[in-house]
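Participant: With these hints in hand, go ahead and build the complete structure from the sequences.
Given next are the chains, with one letter for each unit.
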Amino acid sequence: GAVVSQHPSRVICKSGTSVKIECRSLDFQATTMFWYRQFPKQSLMLMATSNEGSKATYEQGVEKDKFLINHASLTLSTLTVTSAHPEDSSFYICSARDNHSPLHFGNGTRLTVT
Amino acid sequence: AQSVTQLGSHVSVSEGALVLLRCNYSSSVPPYLFWYVQYPNQGLQLLLKYTSAATLVKGINGFEAEFKKSETSFHLTKPSAHMSDAAEYFCAVTNNNAGNMLTFGGGTRLMVKP
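Keeping their order, the protein sequence lines are chains H and P.
Everything in the first sequence is counted per the numbering used here, starting at 1 for the first residue and increasing by one.
Everything in the second sequence is counted per the numbering used here, starting at 1 for the first residue and increasing by one.
Take the hints with a grain of salt, since some may be wrong.
[Unchecked claim] Take a look, some chain P residues computed to stay more than 12 Å from chain H by CB distance: (1) Ser28; (2) Glu64; (3) Glu66; (4) Thr72; (5) Ser80.
[Stated by the list, open to error] Reference listing, derived: stretches of chain H covered by chain P, where coverage requires no fewer than 3 residues with Cβ under 8 Å from a Cβ of chain P: (6) 44 to 51; (7) 102 to 114.
In short, the hints are calculated from the structure, not lab data.
Note that this is a predicted model, so its numbers are computed, not measured.
Glycine is no exception: its CB is placed at the ideal position from the N, C-alpha and C atoms.
Facilitator: Written out as structure tokens, the structure reads:
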């Protein structure tokens with residue numbers, strides 16, 4: 001069964017609003033979580049790495065004030081897209097691992113900003 | 001710095017035919033290489049990984065890949081394609097066994113004709 005749960009799977013929001021995406025590890029403690037973004041017909045791009053209890057490390061070119069990542073517990077990380085715009089429409093995927101397990105990916109969230 | 005190139009964004013094969021998806025990498029350190037499969041609107045599923053043990057790696061669903069250092073390649077193969085293999089495949093490289101901080105190739109969409 002799925003070991004990483006990502007919610008919601010799809011979300012449509014209006015421009016200017018904020019959207020929160022949750023990533024939960026179901027049967028292990030995720031010391032590290034990763035957030036990826038996939039543009040249509042393109043590959044996944046790592047956005048940020050988050051470690052439980054500390055600030056996320058963002059990849060170059062990713063606006064940390066726009067994409068807020070919170071990894072407050074060992075089983076939950078959230079990505080909040082603030083003041084969303086149509087160009088933020090994309091497929092967002094999280095992945096998680098602990099110190100022993102392989103990397104597990106969530107099923108992704110398709111965000112559409114109208 | 002690391003990079004991955006997947007030759008052919010689309011590959012079409014007939015059911016029962018050989019599947020060959022190409023992946024070439026660039027890495028300044030010994031690489032760890034991964035192949036992932038992505039079904040529509042889903043996250044990534046690990047097919048197999050190379051972690052400096054055997055150069056021929058067998059994965060799930062009958063897939064395998066061979067690490068060739070001299071060619072900096074890690075091509076994915078399957079002797080006989082099934083309709084259910086139709087999906088997008090991503091090759092990825094990193095510098096750690098755990099699969100953190102993956103750099104993905106552009107992806108190859110595999111289509112299987114009946």
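Participant: Compare the structure with each hint and give your call.
Facilitator: Against the structure, the hints come out as follows:
Under the 12 Å C-beta cut-off, the non-interface status given to serine 28 of chain P relative to chain H holds; the minimum distance is some 18 Å. Glutamate 64 of chain P, annotated as away from the interface, keeps every beta carbon of chain H farther than 12 Å; the closest lies near 18 Å. Against the 12 Å criterion, glutamate 66 of chain P stays outside the reach of chain H, whose nearest CB is about 21 Å from its own CB. Distance to chain H confirms threonine 72 of chain P as a non-interface residue, since its nearest Cβ pair spans about 18 Å, more than 12 Å.
For serine 80 of chain P, the non-interface assignment is confirmed: its Cβ lies about 27 Å from the closest Cβ of chain H, beyond the 12 Å cut-off. A stretch counts as covered by a chain when three or more of its residues have a beta carbon under 8 Å from one of that chain; for the segment 44 to 51 of chain H and chain P the count is 4, and the coverage holds. Coverage of the segment 102 to 114 of chain H by chain P holds [criterion: at least 3 residues with CB-CB distance below 8 Å; count 7].
Against the hints set out earlier in the document, no violation occurs for any number.
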